[in-house]
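Protein chains in written order, with my numbering: chain L, 244 to 642; chain B, 366 to 764.
It is worth saying that the hints were derived from the structure and are not from the lab.
Predicted model only: the values in this text are computed from it and were never measured.
Just so you know, not all the hints are guaranteed correct.
Said to hold, decoys possible - In silico contact screen, one side only, chain L against chain B (beta carbon under 10 Å); selected entries:
#	residue
1	His-405
2	His-417
3	Gly-429
4	Asp-439
5	Lys-606
Unchecked claim - Derived list of chain L stretches under chain B, where covered just means 3 residues or more per stretch with a C-beta under 8 Å from a C-beta of chain B:
#	region
6	388 to 401
7	488 to 502
8	559 to 568
9	612 to 622
As the list claims (entries may be wrong) - Pulled from the structure, derived: some chain L residues nowhere near chain B, Cβ distances all over 12 Å:
#	residue
10	Ser-437
11	Ala-485
12	Glu-597
Positions of the beta carbon are idealized from the N, C-alpha and C atoms, including for glycine.
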Amino acid sequence: MALSRLASSSSSSSSTVGSKFLKPLTAAFSLRRSISSDSNPITIETSVPFTAHNCDPPSRSVETSTAELHSFFRQMATMRRMEIAADSLYKAKLIRGFCHLYDGQEAVAIGMEAGITKKDAIITAYRDHCTFLGRGGTLLEIFSELMGRVDGCSKGKGGSMHFYRKETNFYGGHGIVGAQVPLGCGVAFAQKYSKDEAVTFALYGDGAANQGQLFEALNIAALWDLPAILVCENNHYGMGTAEWRAAKSPAYYKRGDYVPGLKVDGMDVLAVKQACKFAKEHALKNGPIILEMDTYRYHGHSMSDPGSTYRTRDEISGVRQERDPLERVRKLLVSHEVATEKELKDMEKEVRKEVDEAIAKAKESSMPDPSDLYKNIYVKGYGVEAFGVDRKEVRVTLP
Amino acid sequence: MATLFQGVGAATAFSASNKLHLPSRGSLSESKGSIFVVRSDAWMNNLLNLEARQPQRLITSAVATKADSSASTKTGHELLLFEALREGLEEEMERDPRVCVMGEDVGDYGGSYKVTKGLAPKFGDLRVLDTPIAENAFTGMGIGAAMTGLRPIIEGMNMGFLLLAFNQISNNCGMLHYTSGGQFKIPVVIRGPGGVGRQLGAEHSQRLESYFQSIPGIQMVACSTPYNAKGLMKAAIRSENPVILFEHVLLYNLKERIPDEEYVLSLEEAEMVRPGEHITILTYSRMRYHVMQAAKTLVNKGYDPEVIDIRSLKPFDLHTIGNSVKKTHRVLIVEECMRTGGIGASLTAAITENFNDYLDAPVVCLSSQDVPTPYTGPLEEWTVVQPAQIVTAVEQLCQ
């Protein structure tokens with residue numbers, strides 16, 4: 244009965260041709276739905292319209308499907324669970340150093356993945372655990388890397404701020420604020436040079452938006468027509484400094500001036516998806532564009548920051564109640580009767596179990612060998628290994 | 366006791382905590398075969414009244430296309446150093462379509478020192494890129510492009526300007542191969558003229574070798590003749606590691622006859638400029654010519670200095686240097702770098718650590734004064750090492 248209602252709602256909204264095609268098929272489905280076979284298209288309106296600068300905003304109606312909504316929920320639950328688990332691991336001193344958590348901002352990572360392909364490149368700053376997961380990383384790799392084990396994605400030598408995944412074009416993972424944006428424009432340049440028909444998303448925060456190298460890189464990208472999309476994940480706080488104290492003009496999407504910009508509700512995964520699709524099409528034709536994602540982080544800047552000295556707990560819980568991305572998708576799924584509350588709770592339990600298993604497995608992974616200290620400093624070329632200033636090999640051996 | 370170690374594995378090096386192995390006192394020269402760089406200028410030969418010395422063998426390096434055993438000095442073509450650099454660059458750009466050049470005024474203008482003249486019309490403006498004045502951004506972009514597989518050559522109009530890109534060079538260029546666990550290679554070449562010129566003022570007479578030398582993951586080379594300029598340029602482009610190629614403003618118009626055949630030099634090897642018996646003089650870049658001028662005086666006074674152009678600033682070619690120290694037992698380092706924390710300081714430490722038993726006298730290091738380079742002529746002359754000072758130092762050392 245839910246299926247027929249779905250079919251009628253999709254036909255009434257006159258969205259895709261596919262709905263007409265799928266109607267006879269949906270009737271044949273049993274009531275026991277499995278996620279993968281269920282791909283009824285739905286059109287949903289974003290919560291807030293897009294605000295545009297120097298361009299025409301995309302439409303508010305986003306086409307999605309039930310399967311996609313399911314996957315959104317599952318991925319977001321995984322990310323949420325993963326970040327909270329990382330919090331406990333940090334407090335248990337298994338993760339050391341810096342740990343910047345992404346919970347609250349999951350919609351940006353997931354919406355972006357939904358709007359692009361793995362051929363497109365993503366580069367971000369140090370708040371990269373969830374972006375890495377979205378790019379195809381596994382929980383085991385993440386937890387191993389956080390705990391400094393060999394099974395980590397960077398073999399334990401990078402840490403929380405240096406996750407990379409070359410196969411799916413994830414370029415990291417960078418500790419210095421703003422330095423990843425010129426790198427991202429360089430990746431976009433390489434994509435244009437090699438005629439890849441792909442784009443690069445260079446993510447940065449509202450704090451990094453005041454870096455000079457951003458404007459330098461944006462100027463070059465606009466001059467050379469590079470397929471670069473600069474995405475400002477505006478969580479309104481640059482560590483402890485609120486955006487109104489750091490930026491004279493907090494309209495980050497307008498800062499490109501000659502470069503068009505779009506302001507997006509970053510807690511609405513469908514809006515993010517629509518914006519990223521739009522941006523990709525734009526960048527391939529017209530060069531760079533800036534996206535500003537209005538989002539929020541529940542944790543402090545990092546694990547050493549309680550997150551409440553510069554903002555009130557009421558503000559945090561207010562955002563959690565009204566704008567939480569996970570809850571939004573949950574409500575969508577329930578209101579469109581794609582899943583019941585209980586099914587979603589079960590899914591969350593599954594996710595929790597997955598995360599716990601990954602942590603257990605990561606704890607068993609070994610610490611790196613001492614000889615790993617010297618690996619990968621140089622790419623082995625000409626048969627010479629060079630450590631520091633003194634060459635530790637007598638001869639140049641020809642390969 | 367010879368302290369050169371034969372290919373010690375990293376594990377043993379680590380466990381021995383930097384105490385170097387002392388193999389039995391065998392002959393060091395046997396281990397290397399005869400890979401030697403003997404290529405002095407024809408005019409140097411005449412000046413020093415040495416017997417006509419046939420270059421035994423042209424440099425074989427890992428990527429030499431032909432091992433030219435019949436070296437003849439009269440074939441080949443004459444050109445200036447900047448033309449040699451351009452030839453090397455052009456050959457590599459023809460050979461590999463992934464090689465591109467980016468820098469200020471490298472395209473239409475032809476390069477501020479004409480190194481890239483004629484390349485833009487030939488290869489197009491996607492391969493020879495004029496950048497705006499934004500060193501931080503275009504260095505970052507070059508590194509980002511290199512992460513995807515391109516091989517950019519980043520030109521700093523003057524090496525001193527690259528201080529603005531220090532973050533990109535240190536954190537991203539040098540470290541990305543390591544922090545990504547070996548996933549990304551950064552095959553960039555960063556090159557540009559540096560050194561004290563003719564009254565260019567303090568900010569345009571910088572020697573950056575000292576600042577860059579402790580960045581892990583990069584290699585540094587300094588060219589001094591048209592022959593090694595072309596060879597090192599080609600080797601640097603073919604290397605999978607980031608290489609910083611230091612050129613000198615005053616050496617661009619040196620003329621020499623170089624072979625017609627293709628040749629590539631080894632990035633890690635030093636060049637024996639003049640074999641001798643009494644004292645080893647280590648030098649690089651422009652100071653090589655001051656040393657050779659002093660050598661003329663010294664020979665007339667009856668000394669027999671061995672002059673080695675170290676060429677590879679990181680890592681040092683301790684094999685060649687060690688063999689020389691073993692022979693002469695006295696070392697003089699002549700460099701243009703600053704006294705504090707310069708290349709000479711590191712080299713002094715390396716020699717004293719490794720070859721202390723072979724030294725009859727303390728290592729003497731002549732370097733530039735620790736002052737900003739003055740504009741006025743006589744003071745600028747006194748900032749760098751002059752041949753008279755070299756002669757005095759040799760006489761004192763050889764007492």
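Hints, one by one, checked against the model:
Of the supplied interface hints, the one on His-405 of chain L holds, with its beta-carbon coming within about 4 Å of a beta-carbon of chain B, less than 10 Å. Nearest Cβ of chain B to the Cβ of His-417 of chain L: about 7 Å, under the 10 Å cut. The hint holds. For Gly-429 of chain L, the shortest C-beta to C-beta distance to chain B is roughly 2 Å, which falls under 10 Å, so the interface hint holds. Evaluation of the Asp-439 of chain L hint against chain B yields a held restraint, the C-beta minimum of about 9 Å falling below 10 Å.
Given the 10 Å rule on beta carbons, the hint for Lys-606 of chain L is violated: about 20 Å separates it from the nearest Cβ of chain B. Three residues within the 8 Å Cβ limit are the bar, and the region 388 to 401 of chain L against chain B gives 7, so the coverage statement holds. Judged by the Cβ-Cβ criterion of 8 Å, the region 488 to 502 of chain L is not covered by chain B as claimed, because only 0 of its residues qualify and three are needed. Under a criterion of three residues with beta carbons nearer than 8 Å to beta carbons of chain B, the stated coverage of the region 559 to 568 of chain L fails, only 0 such residues being counted.
Coverage of the region 612 to 622 of chain L by chain B holds in this model, with 10 residues showing a Cβ closer than 8 Å to a Cβ of that chain against a need of three. Taking the minimum C-beta to C-beta distance to chain B, about 8 Å, the non-interface status of Ser-437 of chain L is violated against the 12 Å cut. For Ala-485 of chain L, the shortest C-beta to C-beta distance to chain B comes to about 26 Å, beyond the 12 Å cut-off, and the non-interface label holds. At roughly 24 Å from the closest C-beta of chain B, the C-beta of Glu-597 of chain L stays outside 12 Å, upholding its exclusion from the interface.
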